[in-house]
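Asks: Here is how the chains run, residue by residue.
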Amino acid sequence: MEQIKGIVEMLDATHLLSIAQAILLLAFGYIAGRIVSTTLIKLIHKGMTPHGNQVLKKSAFYAIFGLFAISALKQLGFDLGALLGAAGILTVAIGFASQTSASNLISGLFLMIERPFSITDVIRVGGTTGEVISIDLLSVKLRTVDNLFVRIPNETMIKTEVTTLTKFSIRRADLQIGIAYKEDIGRVKTLLTEMAQKNPLCLEEPAPLFVITGFGNSSIDIQFSVWAQREKFLELKNSLYEETKNTFDREGIEIPFPHVSLYAGSATQPIPITLVDGNPINRLST
Amino acid sequence: MSDKEPWWGDFPLAEQQSMHWSIGERKLAIQRQASEWNTWNVETETENADTLVRTDDADQLIPDHALLGRHLQATTAASLRVIPALADRSIVTRPKVPLRLLGGEHTRIYVSTPLWFKALTLPGNLCLLDVPFWRPSDSWFGPSTREGEMCYAKYTEARLHKELLVRRPHRAITPILVHNKQQDALLIERLNVPVPLLSLYQDTHHGLWTNAIKVTREEDDDLTELLLEKQAPAEADGATLVAGPRIINDNHRLIRSLGSLFA
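So the sequences go chain by chain: Y and D. The opening residue of the first sequence carries number 1 in the working numbering; numbering runs sequentially from there. The opening residue of the second sequence carries number 287 in the working numbering; numbering runs sequentially from there.
For the record, the hints were derived by calculation from the structure and aren't laboratory data. A few of these clues could be false.
When the alpha-carbon atoms are kept at most 30 Å apart in a straight line, the in silico BS3-like pairs for lysine-lysine are as follows [as the list claims (entries may be wrong)]:
#: 1; chain 1: D; residue 1: LYS404; chain 2: Y; residue 2: LYS245
#: 2; chain 1: Y; residue 1: LYS58; chain 2: Y; residue 2: LYS46
#: 3; chain 1: D; residue 1: LYS404; chain 2: Y; residue 2: LYS198
#: 4; chain 1: Y; residue 1: LYS232; chain 2: D; residue 2: LYS313
#: 5; chain 1: Y; residue 1: LYS232; chain 2: D; residue 2: LYS382
#: 6; chain 1: Y; residue 1: LYS189; chain 2: D; residue 2: LYS500
#: 7; chain 1: D; residue 1: LYS467; chain 2: D; residue 2: LYS404
#: 8; chain 1: Y; residue 1: LYS198; chain 2: D; residue 2: LYS467
#: 9; chain 1: D; residue 1: LYS500; chain 2: Y; residue 2: LYS58
#: 10; chain 1: D; residue 1: LYS382; chain 2: Y; residue 2: LYS237
#: 11; chain 1: Y; residue 1: LYS232; chain 2: D; residue 2: LYS404
#: 12; chain 1: D; residue 1: LYS448; chain 2: D; residue 2: LYS467
#: 13; chain 1: D; residue 1: LYS467; chain 2: Y; residue 2: LYS189
#: 14; chain 1: D; residue 1: LYS440; chain 2: Y; residue 2: LYS167
#: 15; chain 1: D; residue 1: LYS404; chain 2: D; residue 2: LYS440
#: 16; chain 1: Y; residue 1: LYS198; chain 2: D; residue 2: LYS313
#: 17; chain 1: Y; residue 1: LYS232; chain 2: D; residue 2: LYS440
#: 18; chain 1: Y; residue 1: LYS237; chain 2: D; residue 2: LYS313
#: 19; chain 1: D; residue 1: LYS500; chain 2: D; residue 2: LYS448
#: 20; chain 1: D; residue 1: LYS467; chain 2: Y; residue 2: LYS237
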């Protein structure tokens, strides 16, 4: 009996009992949060976007876990009022110490409110293009088309230009085409327009756009813009480039490319050419 | 197949037997095996005006690359149902020259829209094939590139007389009654025909019709009332229903803004 009393007194003195209770509360809170949030999503996941699902799940989990964490702190004998006061000072300290994390956290909140994109959207940030797989408090996770996992800090997302590729149903493909100076522009325009009309993936409305972008070094530069359903964008772009090449070959329209003239300069002799076995082989004199 | 016989209907099909439908070079074929159906689809680029021929001889050669699908079933039944179907999206038809309906006038325009070939198992009505004879070009219909819907585009002659219509087995005709109650003329450059909401009827000559659409431009505002008639059009003699609409909509009266029908 004396021994048990002794153990209880020792536990009281070292707060081991409170600590154990607090740990239990935290563990219970974690499990309860997980169960409640998962059940909630299972019950009402229909009709919700994956993005909404994730926000709801996380909110439910953090709310429940937060409540249990507060109880655990109370169990440990912390005065919450004083703790909140201390938290103010602590925030300043933490703020200085973890500027980046705090900035990411706030950026994450802004991202969630502003919603420039949601989960499953395809976005382009800097040079990275990928599908959004999660939007978290500190970062956004992308899966690129070559199946790589990319983590982009929220601060970067707020600061840089982000392009959402899947916001609207239709997209425009700009084909950059060069034709030789001798070609008849009107004929090229007719051929390209007919080609677009024949392709079922190319939208009739908005109509294709034919723009001469300028006189280049070796070609007349043309931009031929066609519209496609978002999902068929690449397919259309590929097929039209292929068809353009085939049509131009068939119709004898030249697609020029830059030519390089080799000039040895006026001070040196012309470049000598030697014929070996009747085949012309150019050899630079050494 | 004689001209008097339609290309759709319920057909008995023995094991290893195949059935072919062709319009010139455009071919579709279905073969029944003990526990699978094979479907072939030979596409052509341009639409032709040949007659649609159905044959059930096995001698016809179809290239292997045209094999579209193999549909597995524990045991295949001895009959096949083939029905014509309207497009799965709205069709935007464009008269070659824009029409102007003068103030207070009404008119009946006939537009023909492309058909899909649909094959179903019997019993069960499980879909084996649902392909267009010639896929119309994609198009966008809406006030801007942000708002609108994906449609198909089709140029139309927009005939005003039934006698002038060119009858083709792979097209259905929709009569559209346009009533302009306003004083100023109504310019019709494009017309959005909501074909997925329409039913298909056949007349006594196996011509295909859809139920008529009545479009009324109201006197006071720019709202347009779109009414889908519940029965076959008067032009289809002795009409019988061939296929119901793809999208069932009980509300036959739709109110749309003018911009969503004409543009």
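Asks: Each hint should be assessed against the structure and marked as holding or not.
Replies: Going down the list of hints, with the structure as the test:
no.: 1; hint: LYS404(D) with LYS245(Y); result: violated (36 Å)
no.: 2; hint: LYS58(Y) with LYS46(Y); result: holds (17 Å)
no.: 3; hint: LYS404(D) with LYS198(Y); result: holds (24 Å)
no.: 4; hint: LYS232(Y) with LYS313(D); result: holds (25 Å)
no.: 5; hint: LYS232(Y) with LYS382(D); result: holds (28 Å)
no.: 6; hint: LYS189(Y) with LYS500(D); result: violated (40 Å)
no.: 7; hint: LYS467(D) with LYS404(D); result: violated (40 Å)
no.: 8; hint: LYS198(Y) with LYS467(D); result: violated (38 Å)
no.: 9; hint: LYS500(D) with LYS58(Y); result: violated (52 Å)
no.: 10; hint: LYS382(D) with LYS237(Y); result: holds (28 Å)
no.: 11; hint: LYS232(Y) with LYS404(D); result: holds (24 Å)
no.: 12; hint: LYS448(D) with LYS467(D); result: holds (24 Å)
no.: 13; hint: LYS467(D) with LYS189(Y); result: violated (42 Å)
no.: 14; hint: LYS440(D) with LYS167(Y); result: holds (27 Å)
no.: 15; hint: LYS404(D) with LYS440(D); result: holds (21 Å)
no.: 16; hint: LYS198(Y) with LYS313(D); result: holds (20 Å)
no.: 17; hint: LYS232(Y) with LYS440(D); result: holds (20 Å)
no.: 18; hint: LYS237(Y) with LYS313(D); result: holds (28 Å)
no.: 19; hint: LYS500(D) with LYS448(D); result: holds (17 Å)
no.: 20; hint: LYS467(D) with LYS237(Y); result: violated (45 Å)
Comparing the model with each earlier hint shows violations of hints 1, 6, 7, 8, 9, 13 and 20; every other hint is respected.
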